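Quick note: the sequence shown, position 38, residue 38 per this note's numbering, numbers continuous.
The set of hints was computed from the structure by calculation and includes no laboratory data. There could be a bad hint or two in this list.
[As the list claims (entries may be wrong)] Label pairs and their in silico Cβ distance ranges:
| hint | residue 1 | residue 2 | range |
| --- | --- | --- | --- |
| 1 | M62 | D104 | 14 to 22 Å |
| 2 | Q77 | D99 | 29 to 37 Å |
| 3 | E143 | K95 | 34 to 42 Å |
| 4 | E129 | D65 | 26 to 34 Å |
| 5 | D135 | G67 | 16 to 24 Å |
| 6 | V102 | P27 | 29 to 37 Å |
| 7 | T26 | D96 | 20 to 28 Å |
| 8 | K146 | F49 | 13 to 21 Å |
| 9 | K90 | N60 | 28 to 36 Å |
| 10 | G101 | F25 | 35 to 43 Å |
| 11 | L70 | D96 | 24 to 32 Å |
| 12 | C41 | G67 | 14 to 22 Å |
| 13 | S53 | G122 | 29 to 37 Å |
| 14 | G67 | P124 | 28 to 36 Å |
As the structure is a prediction and not an experimental result, all values here were calculated from the model. Virtual Cβ for every residue (Gly too), placed ideally from N, Cα, C.
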Amino acid sequence: MKFIIAIISLLAIEGCMGRKNVNLFTPPDVVFEKTACFGTCPEFMLEVFPVGSTYLTVRNNMPLDSGKYLCLTCNPQDLKIVLKKAKKIKFKELKDKYDPGVMDLPSTMTRIEGKLVTNTMGAPAGLIELEELIDSLYIQNNEWQKLIEAK
1 MKFIIAIISL LAIEGCMGRK NVNLFTPPDV VFEKTACFGT CPEFMLEVFP
51 VGSTYLTVRN NMPLDSGKYL CLTCNPQDLK IVLKKAKKIK FKELKDKYDP
101 GVMDLPSTMT RIEGKLVTNT MGAPAGLIEL EELIDSLYIQ NNEWQKLIEA
151 K
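Based on the provided sequences and hints, a complete structural model is requested.
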């Protein structure tokens, strides 16, 4: 009986998504990651899933302690805003890497619907705007709940 209820619940959730082929194993639509530097650069990874959940893995130099967090206040419409901006700047046509080879600079890695772009320095203005949009929609303006790690 529990199995049947679980299946019905999953189908109901999937039906409400408005997208075909979305399930609990679907990879994130957006992954946004900032890497370490020799200073105090924030180091984290954000994952935005099409089913509506958003996770933040904090590594260093953030107001939150290291660990994995679930967003409690993220707006599901924000994903549409990010995807629209990515389409506008032709994200899928950008170079894979903007990296002059400078060692002490952090990188920002943005993956949207499978396309990964790494920005260390020298990226076009549209990519910078997209990074700032993701940061403002998700990192700066939300409440996060730390997940308890299984031991």
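Outcome of the hint check:
1. M62 with D104: 14 to 22 Å: Cβ of M62 to Cβ of D104: about 19 Å, so the range 14 to 22 Å holds.
2. Q77 with D99: 29 to 37 Å: holds (33 Å)
3. E143 with K95: 34 to 42 Å: Taking Cβ atoms as reference, E143 and K95 lie about 35 Å apart, which means the hint holds.
4. E129 with D65: 26 to 34 Å: holds (30 Å)
5. D135 with G67: 16 to 24 Å: Given a distance of about 20 Å, which is inside 16 to 24 Å, the answer is holds.
6. V102 with P27: 29 to 37 Å: Holds: the Cβ-Cβ distance is about 31 Å, inside 29 to 37 Å.
7. T26 with D96: 20 to 28 Å: holds (23 Å)
8. K146 with F49: 13 to 21 Å: Once the Cβ atoms are compared, 18 Å apart, the range 13 to 21 Å for F49 and K146 holds.
9. K90 with N60: 28 to 36 Å: Since K90 and N60 have Cβ atoms about 33 Å apart, the given range 28 to 36 Å holds.
10. G101 with F25: 35 to 43 Å: holds (38 Å)
11. L70 with D96: 24 to 32 Å: holds (30 Å)
12. C41 with G67: 14 to 22 Å: Cβ of C41 to Cβ of G67: about 18 Å, so the range 14 to 22 Å holds.
13. S53 with G122: 29 to 37 Å: With a Cβ separation near 33 Å, S53 and G122 satisfy 29 to 37 Å, so the hint holds.
14. G67 with P124: 28 to 36 Å: holds (34 Å)
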